[in-house]
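*Asks:* Now for the letters of each chain:
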Amino acid sequence: MKSLAKRKNSLANPKNQIALFNSGVFANGELPIFKQKVSESNQYPLKPNKLEIFQVNLGYMCNQVCAHCHVDAGPDRKEIMTTETMQLCLNKLKESGATTLDLTGGAPEMNPNFRWFVEEASKIGVKDFIVRSNLTILRANKKYYDLPEFFKKHNIHVVSSLPFYKKGKTDKQRGDGVFDASIEALKELNKVGYGITGTGLKLDLVFNPSGAFLPGNQSELEQEFKKALKEDFNISFNHLFAITNLPISRFLEFLVASENYEDYMDELVDAYNPEAVKNVMCKNTISIDWNGNLYDCDFNQQLNLKVATQGTHLSEFDLDALQKRDIVVSQHCYGCTAGAGSSCQGTISD
Amino acid sequence: MQKTYYDPKDLKDFGKISEWDQELGEKFFEYYGKVFEEGALTAREKSLIALAVSHTVQCAYCIDAYTSDGLKRGLEREEMMEAVHVAAAIKSGATLVHGVQMMKKYDKLSM
Ligand code: SF4
Ligand code: SF4
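So the protein lines, in turn, are chains A and B.
According to full-length UniProt numbering, the first sequence holds residues 1 to 350 in order.
According to full-length UniProt numbering, the second sequence holds residues 1 to 111 in order.
If we strip away everything but chain A, and leave its shape as in the complex, we get:
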């Protein structure tokens, strides 16, 4: 499998994804557009709360090509953040007073300047320093084998994706061999203390449904994952985040190709929860792409919907203007507000 970009699939162009959101069931009135739904509960326009999280996307290169990937990441993607942009991120992070730094990708570890960035960022002393690791990268090449130790040294909070606690579903979504490599990586992380009570080293897992359905109850899934991983592999972790797949990029390609798009959107709209709107990720996050552009979240980044402020690049970072901005929304946002809601931190309302 290759990225949409490599295959020159029409959905590789974010404009075509947005055109899809503005046509069909959302154009003929069968389903309400997101803006309308949010207006019904007097929450439009969506406004940010205090900025807390800098989510930095270090590039779209990845060792995997997961079928559901919202980034359209893969080995064939060459977009990579430079040290200059990383430095700019750190300067603006300090200036902003944000307390969490969240590194994502692709596989952020594949950025050749990843370690430099982590070391420099550690010096600033953010409260929560997250690295989103796909796990297999930790076993992909010898040069990554020491990463668990490196993470530990910098007190990184590791957030890893594991679609299921059994091989079949995991490999179907993420590729052959992914499950075994992930289990190996989790064992290595446990070995240095990650996910083990009392060490203070946090290891959280992310669960995405492998198909056109919403995730089940987060705490029930967490219990099942904990029990199964412990019994079968003696693996421990802290929390499980159940995250809804947003209908964008390769997951959108799957929805359209499998003729699930309309039913899935219908399910998301049906599960709309006005309470969840209060805690969507864009409320306290700024997302930064490999080039230093600013977005309300990583999903908007992939749709090329930049922040609605005059300056949209790190070099023009204006905290005051950002705090006053309207968040840019479209129909994909229904993925964040369905049921108990979903953000990079999993379920967001009880």
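Please note that a few of the clues may not be correct.
[Said to hold, decoys possible] Distance condition first, Cα-Cα at most 27 Å in a straight line; then the derived DSSO-like pairs of lysine-lysine: (1) B:104 with A:226; (2) B:105 with A:169; (3) B:91 with A:166; (4) B:12 with A:35; (5) B:91 with B:104; (6) B:72 with A:278; (7) A:127 with A:92; (8) B:72 with A:230; (9) A:78 with A:226; (10) A:227 with B:91; (11) A:153 with A:230; (12) B:91 with B:105; (13) B:72 with A:172; (14) A:35 with A:153; (15) A:230 with B:46; (16) A:226 with B:9; (17) A:94 with A:35; (18) A:166 with B:46; (19) A:187 with A:152; (20) A:35 with A:50; (21) A:169 with B:72; (22) B:46 with A:35; (23) A:123 with A:191; (24) A:227 with B:34; (25) A:167 with B:46; (26) B:91 with A:167; (27) A:227 with B:12.
By construction, these hints were calculated from the structure, which means they are not laboratory data.
Position chain B with the ligands against the provided structure of chain A, taking the given hints into account.
*Replies:* Only chain B with the ligands this time, still in chain A's reference frame:
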């Protein structure tokens, strides 16, 4: 009048049955919700039972609902298919066991 007896969209309107008899409708949904809560059986086990029973009562709405529910709970296709076979075995067994009645009656009436 619609051209088919079943419309998948009707499932979403199930709650509307209360509109014609609020008290009984609400009592039913309260009971239904309670039944599926975690108890001596886990919610996951209850979901599998529901899936199996859906097949024996051949309710298209229930099959739709409990297949989706199973996916959400992380049930695997092997588990779901085994549950359906349990249902099918009981249903065919229930048919076949009446053969004993037939045999006895046949023998009694025959010379
Ligand atoms: S989902 Fe994560 S691991 Fe999979 S291709 Fe996308 S970025 Fe890589
Ligand atoms: S997709 Fe982004 S902008 Fe939309 S609700 Fe979710 S976090 Fe906010």
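*Asks:* Out of the numbered hints, which ones does the structure contradict?
*Replies:* Checked against the structure, the hints that fail are numbers 1, 2, 3, 9, 10, 14, 16, 17, 22, 26, 27, while the rest are satisfied.
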